[in-house]
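**Student:** With the hints as your guide, set chain B onto chain A.
Residue numbers (this note's numbering), protein chains in the order written: chain A, 1 to 224; chain B, 1001 to 1414.
Do not rely on the hints blindly, as some may be mistaken.
The following residues of chain B were derived to be distant from chain A, with all beta-carbon distances above 10 Å [said to hold, decoys possible]:
#1 1013
#2 1113
#3 1156
#4 1158
#5 1278
#6 1288
#7 1318
#8 1323
#9 1396
Short derived list, chain B residues pointing at chain A, Cβ under 8 Å [as the list claims (entries may be wrong)]:
#10 1009
#11 1304
#12 1306
#13 1307
#14 1311
#15 1314
#16 1315
#17 1316
#18 1317
#19 1405
#20 1408
Because the hints were derived from the structure by calculation, they are not lab data. Small disclaimer: the values here were computed from a predicted structure and weren't measured. Using N, Cα and C, we set each Cβ at its ideal position, and we do this for glycine too.
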Amino acid sequence: MLQLERITRAYELGGERAGVFGVTLEVPKGCLAVLAGPSGSGKTTLLQLAGLLDVPDEGEVRLGGEAVSGLAEQARCDLRLRRLGFVFQAFNLVPVLSALENVMLPLQLQGVAEGEARTRAEAALERVGLSDRRHHRPGQLSGGQQQRAAIARALAPDPLLVLADEPTASLDHAHGGPLMDLMVELAQERGVTFLVASHDPAVIARAHRVFRLADGRLVGEERT
Amino acid sequence: MILARLALRNLLRQRRRTALTLMVIVAGFLALSLAGGFMAQTFQGLSDAAIRGGLGHLQVLPPGALEGDEAQSLEKALPDGEALAARLRQDPAVAEVLPRIQFMGLLSSGPKSVAFLGTAVDPALEPRFMATAEAMEGGAKAPGGAGSRWLAADPAAREVLLGTGLARALGASVGSSLTLMSTTRDGALNAVDVDVVGLQDLGLRELNDRFLTVSLATADQLLDAAQARSRLSVVLRRPQSTAAEQARFQTLLPGTSVKPWFELASFYRQVKLLYFAIFGFLGLVLFLVVLLATANTLLMSVMERVREFGVLRAMGLQPRQLLKLLQWEGAFLGLLGSALGLAATLLLRAGLNALHLVMPAPPGTSHGYELNIHFVPLVYFIVALGLQATLQVSALFPGIKAARLRIVEALRHV
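Here chain B stands alone, though its shape is the one from the complex:
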């Protein structure tokens, strides 16, 4: 412990220099921790959007549904989808199963027709587990969206929710009557008249221009779907066990393909990769800055204490103990820097979140979001660990230099 005490005293000897070095470490900690909190917010937002946007935690799909051209018809479907959903609802790990039909066709308003991508959902279950209904808040503010409401649970109701872009293309608004045209499972052309009951802003312009939502009953009439469903969205009671449940369900449901949400949410995966690349590079640069700054401080400290090290060596201190002394100095700088960095991070995070700053809309999306930097202890721990490792590495070279000093020369050093 004598070496630790000596190291601490040495740091306190050059207070101004130590303070400057600590500031560099604190700045590094702050930048990396805030970036980590921001990333966590983004990943959380994107995963919520993916899960609650319709994927659920698991998707049960017909085999080969994701291979080749993604079918937007019941050609590739789970033929007994409703029965399968009922069976899955008995599983204790399952909170709910939401069957869906995905289809495409033409939407007509008088002489105008526009191609659409449709999703049929259970009007009663959907708003309880998915964010589809929340998308109507934005839709209600769009032109023609006033009075928007969710689909009626009545199986006899023939209603549709339109993406804001799709409504604009057709000149449709809430209350308009339109005709949905598509092909049945047998390939026959079919049409159903529907009333527009709401508009939806789905966050992505491309989706708003093509997307519509109807009830499963409406789709059943249009497509002659019977029990067939394109996919089942499974909501789990314990989302953290998604990977384990995926494996279990895949065994339980031969003849289907069970996929976790994160394998299907390509936007989430791409953003995650991009963020890791950007912030990884930023982190590397920051670690390098900390490494150079602290190595410089410790090296200067060694050069100023050559004679002192000579005396310590003359007294019998082993070269490796001098190395250890410098390692202690690095350790104290790292510990103190990380502690101060953590305090600064928590303060700044609280301040920034209290400002309720609205971030600009990310590319391809139609609205911004409020900055809410997450509290992520794991990130703080990893940053502190990384900085500590950096400090220990930065103390290595000055330590080796000190350990290699020739005693007689060090004692002569002025």
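Chain A extracted, bound-state conformation:
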């Protein structure tokens, strides 16, 4: 599903060279893979490169076998819109929209008719157990509920790959665990591929595959 081939992306941080260097990895379909490592190890940088939010200095990102990192900005936008889903540490729901409208947003940006978008968004919210809160705005939802809405938003367009950056970092254990269980279920039941950046042991424990990073380099890979 996702292949990163000798990916390098370097930048200056506090006068030192940081980033990721020559990383190669592969995430198969329906797999929940975790990029693990301490802060500054390059997890988020790699996630952003895999999510086409940034362009590697060297190497290639392949999605479904197709080389995508060299595509023009418009094509990358289109791929993100139709093939990728994102879940952020700070949830990042649009505050002026309700949970339902947030989930409908990527569908409507794709040009899906409002009625169909509503049906699909309601189904996605149902799947994450948030139907009863669908008309609430993000400010009226708890952290766990917001992250569930964010997952529903990422899943509603039926993406090939969902990228999650520290999805449990803003949640306590009581909310983080069920959220990871949900992602594992989605991967197993619906074949959704997840690439998660996290240093949370609870997340790593649930992963099908763990890629360990240190100082921007891949230092280990574990399969369960």
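**Tutor:** Coordinates of chain B only, in the frame set by chain A:
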């Protein structure tokens, strides 16, 4: 439509800021629309004054009448003016033709003599189409003007109406007997005794000091005019077709010069230019204020939503769609501001007009006028259009800034 909905929600998110921005737009709309209504009143007043002051909608003149020294005698005249007038009256576009003679000479009262500029008119037709008779309302209130009346239609009557300044210079009043002296078409000196039947306040001091009005019959006797007339004032049935009729009549009447009123009313043209310059500058300043205020609002809104824009871009929103989102916000501000501005304009206009405020006399004129700000939908439309364009321009820079955000940096923004 999702972008439009997002834009509207974003405006509602910062209600106080949006309200302040709307107030700036409303103030701009209000100022420009009221100024436009005031200008329309002024232009209407001046055009009425010019048309009904004797020009009519069209003037038929002898060729070259406006070149060189403007002749105040029948030296340059339409030799068959009355016949030409009769012919023109047959035209279906013409409501009436008013022949006029313009002349000059000396007006004597005993040992006193004053130079005058005279106009001879048809006493029967003139009050029906021109405001000359209305000028007597002011004249009747002037010293010596009591009992003022219009010229008698009787061709045998030898009567004169004097400008208030001219009457004062001669010590004349209604009932005084004076002598008009001028030269005939042949150049001979001639004089006619006339009775003062009224005084006129023509609105301009310079005119009041020199101007008098007599009947065409009186002028005919004084100048030996016969059929000759200085000019014909043509009143059209459809004033809005003045320009088209001018071209047609010019073709129909070779050997004459046909001019529309607005080419001859130099005061009207000068005031119009002045107003356009003054209110144009005022408009420019107001548009600039609106531009800066709204650009500031939208830019602040962008700076507060950097992370949100990063998320939208990560989700696949194209840079041009972010530009469009900001354009929608500008569009809503403009539409709402113009709608509120229009409502405020109509309310304030009604209030101001109801007060019957009297404006001071404009420079060079002798009396003020009541403020009556006109209802001018075209002005409202143009102001709304201008403001809308300003809003779209003001949304451009914040939109470009948003569109140029690097996603990874925007997502890190705190």
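**Student:** Find the hints from earlier in the document that the structure breaks and name them by number, from lowest to highest.
**Tutor:** Checked against the structure, the hints that fail are numbers 1, 7, 11, 12, 19, while the rest are satisfied.
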